[in-house]
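Chains as they are written, first to last, in the working numbering: chain A, 1 to 258; chain B, 1 to 349.
Stretch-level coverage of chain A by chain B, calculated; a stretch enters the list once three of its residues show a Cβ under 8 Å from a Cβ in chain B:
| hint | region |
| --- | --- |
| 1 | 75–86 |
| 2 | 100–110 |
One side only, chain A facing chain B, incomplete, derived with CB under 10 Å:
| hint | residue |
| --- | --- |
| 3 | 56 |
| 4 | 58 |
| 5 | 90 |
| 6 | 92 |
| 7 | 97 |
| 8 | 114 |
| 9 | 118 |
| 10 | 119 |
| 11 | 150 |
Hints are computed from structural coordinates only; laboratory data are not their basis.
Keep in mind the model is a prediction, meaning the values are calculated, not measured.
The beta-carbon is built from N, C-alpha and C at its ideal position, and this holds for glycine as well.
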Amino acid sequence: MAEKSFRNVLEMADVHKYFGKVAALKGINFEVGRNEVVGLIGDNGAGKSTMVKIMTGVFPPSRGTMYIREQEVDFRHYNVQRAHRYGIETVFQERSLGEKQPLWRNFFIGRQVTGPLGFIKIRKEKELAQHIILDLIGFRGAGITVDSLVSKLSGGERQGISIGRAMYFDADLIVLDEPTVALSLKEVQKVLNFTRKIKESGRACVYISHTISHVYEVADRFVIIDRGEMVANFQKSEVSLKELDEFMLRYSSGEAAS
Amino acid sequence: MNDKVTIKGRATGLARIEGLPIIAVYVVIAVLFMITAPGTFLKYRIYQSFMSTVPVPLILGLGLTLVVSAGEIDLSFPSIIAFSGFVFAGLYKTTGQTLMPFVAAVAAGAFVGFTNGVLVAVVGIPSIIATLGGQFLWSGLTVILSGGLAWNIRDVREEFIHVLFTGRVGGLVPAQVLWATAVAVGLWFVLNRHRFGEHILFIGDNSEVARVMGVNVRGTKIALFILMGALAGFAAVLLTLEMATFWTTQGTGMLLITMAAVFIGGTSIFGGEGTVVGTYFGSFIVGSLEAGIVATGIGGFWTRFVTGLVLIIAVVIHILAGKGKDLAGIRFLSFAIRRRPKAERPPVA
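Let the sequences and hints guide you as you build the complete structure.
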């Protein structure tokens, strides 16, 4: 694809975002190295989602710059489609898959494999879908086929399908936005396994969550934001889960007092 | 756990035939009429009659199937039957040509569809309201422009276009049923095998997902309403040719039977799935009920009642049949025939 000799897949420099007079982000500096899993942690309303939306082209920041593979992003032309082309894919909790559609359609929606008149090469798409299901995300023996409807899948499996799709389309950076909300423990484990696959395949990942224990299992580094500001940045080696937990707890109780 | 094994398997055999339950319903109804009214239903003439009258609501229903699959609705097509019919008949009367009026009539329908599409996709008016407004507006305009008069265009029977679209092939088969069948085949491929159809399904399923995955939701919706309008324009020409007459209220009464045919066929009002095959047979079911009821001797007053009954029964069947795309629907029909596996039996109290 594009530039191969880059250090950071994505970098934000002094990014601000205002909604009317409310400052959602106040000067964020954030980077994601290649093949790094960054856990983005913060309470509800801390600004996590705003950051994701800027990264993935949903809306531009009010101020600040962003680099993808060390190339500055021109926000005038940056949108979700452009982000896909730059190799940034997002897996949203609820908005990634068409419920009533079979898996093979979900993998290729918007990017179909078509013949000259725009007719879909179904056999080809199903073959590729099979490859994604078996080889990229390793669903085996779970009774899932390319013809299965999304509505029959569990929450964790859905995340897996979205992650597999992102990997297939050669994303360098996969953003997981609260992928484990409302999932059972077993399903959470599935999602965490899929996240490890992202890392194994040499890609980078931003994992957004407010459940610290989930993030801790898969991330290499933790970035904690609060009220639109970055308040801490730990390598996994620097901090134990207990310390991280206590840090967050102290932070949010300190907030409550102030 | 258990449901994974049973549900996720690939549907096989009979269950993979699209619209099978509704084909079965059609066969049952046809056989019923053959038994109760053999004098009518064992003769070819009645089928020839269906093949000349059903194509107009059928073509409308086929377009509507795609619109409903996208989670939208169109209430304005009866006005296109009038408006495009007016355009065709008016231009034919004044110029004596046939090709140009035909193209203009289809284009007029497409234009009405375009205005619907813009109101829905760009302005953001819910389609039920935008097209309700369109229905009044375009049928009203037709009355204004035509002065409320009906026109006899008897001479059109001598034209090639009359033979082409509404002639009797081999003296037996009304050409319009072949055209409608061709439209059905074409739209089946569009909905199930084309990128445009897949975009329709995803928009109907969840337009936010479609947008995030790079589908041009606005453009697709506008194109969809244009397609619906153009099909209605074509249907208007078929009707006007068959009758060799234009009247200002033509199309009135087609709204409900067309919608009934689509929903009897098994297309879901919730969007995200649609069946062209179902609409095809649904249209013939609705189209044959009146003649069948009258021929049976129950009396024409029962037509609406029975249509309503069939609609409700059909929709119940579709719901019981489950929402499998390949219509695992046969499950409903088969549970009477086949014994349930032991594991699924409820424990004895």
